[in-house]
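Number of protein chains: 2
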Amino acid sequence: MTYELHYWDGIQGRGEFVRLALEEAGADYVDVAREPGRGTAAMFAIMKSESEPHIPFAPPFLKDGDLIIPHVANILLYLGPKLGLAPEDEGLRYIANGLQLTVTDFVAEVHDTHHPIDMSLYYEDQKEEAKARSAAFIRDRIPKFLGYFERVLRQNPEGSHHVVGNALTYVDLSLFQIVEGLTYAFPKAMANRKAEYPALLALRDAVAKRPNIARYLASSRRLAFNEEGIFRHYPELDSAG
Amino acid sequence: MTYELHYWDGIQGRGEFVRLALEEAGADYVDVAREPGRGTAAMFAIMKSESEPHIPFAPPFLKDGDLIIPHVANILLYLGPKLGLAPEDEGLRYIANGLQLTVTDFVAEVHDTHHPIDMSLYYEDQKEEAKARSAAFIRDRIPKFLGYFERVLRQNPEGSHHVVGNALTYVDLSLFQIVEGLTYAFPKAMANRKAEYPALLALRDAVAKRPNIARYLASSRRLAFNEEGIFRHYPELDSAG
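One line per chain: the protein sequences are H and P, in this order.
Start counting at 1 in the first sequence, then tack on 479, and there's your number in the numbering used here.
Start counting at 1 in the second sequence, then tack on 479, and there's your number in the numbering used here.
Please note that a few of the clues may not be correct.
You can't tell identical chains apart in this list, so a pair holds if it fits in one copy or across any two.
[Stated by the list, open to error] Think about it this way: if two alpha-carbon atoms lie no more than 27 Å apart in a straight line, the pair counts; the simulated DSS-like pairs of lysine-lysine are:
#  : residue 1 : residue 2
1  : K561      : K610
2  : K542      : K623
3  : K527      : K561
4  : K623      : K606
5  : K527      : K623
6  : K542      : K610
7  : K673      : K527
8  : K561      : K688
9  : K527      : K606
10 : K667      : K688
11 : K623      : K667
12 : K606      : K667
13 : K673      : K688
14 : K673      : K623
15 : K527      : K610
16 : K610      : K667
17 : K688      : K606
These are calculated hints, taken from the structure and not from any lab test.
Generate coordinates for the entire structure from the input sequences, incorporating the hints supplied.
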């Protein structure tokens with residue numbers, strides 16, 4: 480059965496973490512809102528349904544037959560074993576899920592760098608607060624999160640090529656996206672610090688070279704980063720830190 | 480084997496969502512930092528370990544033998560079936576996990592009402608921004624999240640006594656905690672709106688009356704809400720909205 484990914488059109492956003500897994504596995508899926516002529520109508524119909532028993536709070540969500548699975552980490556937990564992108568060992572699956580939830584938390588903090596006060600307002604309406612939040616993010620949070628992932632890679636008893644176990648998992652793909660997104664949004668901060676994360680940067684390079692990922696990144700299915708998504712480049716928020 | 484919960488002493492915090500599940504099930508567990516004479520030394524030893532293969536990013540985490548499981552939703556995913564607090568149906572387990580991840584997102588937003596700019600600073604250092612963020616939270620986010628959970632309860636085909644399936648799950652316990660926490664932190668906002676969430680409030684009352692939960696709430700193991708935790712009562716942040 481074809482997986483249906485429901486997410487906004489026009490941005491990588493949180494949906495991208497799911498797309499990377501589907502693309503790496505060569506899975507049969509449709510990115511519903513980006514199908515010609517479809518848009519987000521089907522997504523909203525599910526979210527606003529008054530009869531659907533399992534309504535999602537927000538996109539992205541995955542539809543696999545009748546099952547509707549919301550939240551990136553939950554979608555990847557579900558898809559991982561089916562796509563060959565989860566550890567075989569059951570205990571390690573909880574380790575992978577825990578790492579993905581740390582990615583989730585970090586992504587929420589990235590979002591709040593440009594929307595620290597009110598997500599119903601524009602960035603321009605909270606720019607001063609965004610500068611203060613971004614300064615703290617660059618100073619404290621980037622090193623804390625990237626330093627953590629670097630340590631996890633280095634302490635992986637199976638070697639530092641993967642963040643969990645001895646083979647590629649969806650978490651490795653998500654870490655690729657984190658590095659890409661931060662490099663887009665905060666190029667000065669990343670240029671200043673990236674030497675501190677050699678294992679993470681090597682993982683980023685290895686993922687980018689995987690044939691299915693390289694093909695995806697070169698395709699029109701990979702949208703460019705932009706200032707509507709999670710990772711936004713506002714030069715006034717970036718600094719070497 | 481005795482479960483070890485590693486979390487801060489002195490606050491309910493994120494650990495409370497795990498404690499409620501362990502207490503409801505009458506599970507054999509220790510709240511390590513609150514054991515006489517122990518404190519957080521064991522927690523930090525694991526987090527700072529240079530040899531442990533699966534270090535957690537932050538507390539809470541659960542130790543079950545050699546397995547270290549971080550993140551509330553991940554801990555509950557792991558414990559749910561063992562404690563009889565997860566749906567029997569595998570598909571519904573992903574629904575439960577999705578709901579718990581919506582709880583997780585909401586809890587992060589609650590935290591940011593008092594720390595919108597910089598979590599390394601005190602609340603008092605970001606009070607004006609906290610007022611603006613709390614106003615948006617009361618106006619938009621409380622109704623959005625609680626309205627969502629109310630809808631999910633009402634649309635549960637098994638009846639509105641539980642948020643997923645036909646029996647108590649860990650998500651029901653977490654929703655109890657959400658209502659309790661918001662009522663503590665934002666009493667004016669909640670007094671003004673609670674009539675809009677009858678199913679959620681009925682669930683809160685039903686959970687409070689469960690024998691193991693009632694015993695726990697009356698015990699010294701249940702810490703009071705305070706201004707070091709996630710749900711903090713600062714009168715200047717509260718309003719009828």
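A quick look at each hint next to the structure:
1. K561 - K610: For K561 and K610, neither the intra-copy (42 Å) nor the inter-copy (46 Å) Cα distance is at most 27 Å.
2. K542 - K623: This pair counts as between: shortest inter-copy Cα distance 23 Å, intra-copy 35 Å.
3. K527 - K561: neither (29 Å within a copy, 34 Å between copies)
4. K623 - K606: Classified as both; 24 Å inside a copy, 25 Å across copies.
5. K527 - K623: between (38 Å within a copy, 13 Å between copies)
6. K542 - K610: Neither. Shortest intra-copy (38 Å) and inter-copy (39 Å) distances fail the 27 Å Cα cut-off.
7. K673 - K527: The answer is between: 22 Å across copies meets 27 Å, while 43 Å in one copy does not.
8. K561 - K688: within (23 Å within a copy, 41 Å between copies)
9. K527 - K606: So K527 and K606 fail the 27 Å test inside a copy (32 Å) and across (36 Å) alike.
10. K667 - K688: Answer is within: at 25 Å inside a copy they meet the 27 Å cutoff, but 55 Å across does not.
11. K623 - K667: The answer is within: 17 Å in one copy meets 27 Å, while 37 Å across copies does not.
12. K606 - K667: within (19 Å within a copy, 30 Å between copies)
13. K673 - K688: within (19 Å within a copy, 53 Å between copies)
14. K673 - K623: within (13 Å within a copy, 39 Å between copies)
15. K527 - K610: neither (35 Å within a copy, 31 Å between copies)
16. K610 - K667: within (15 Å within a copy, 32 Å between copies)
17. K688 - K606: neither (37 Å within a copy, 47 Å between copies)
Checked against the numbered hints listed earlier, the structure breaks hints 1, 3, 6, 9, 15, 17; every other hint is satisfied.
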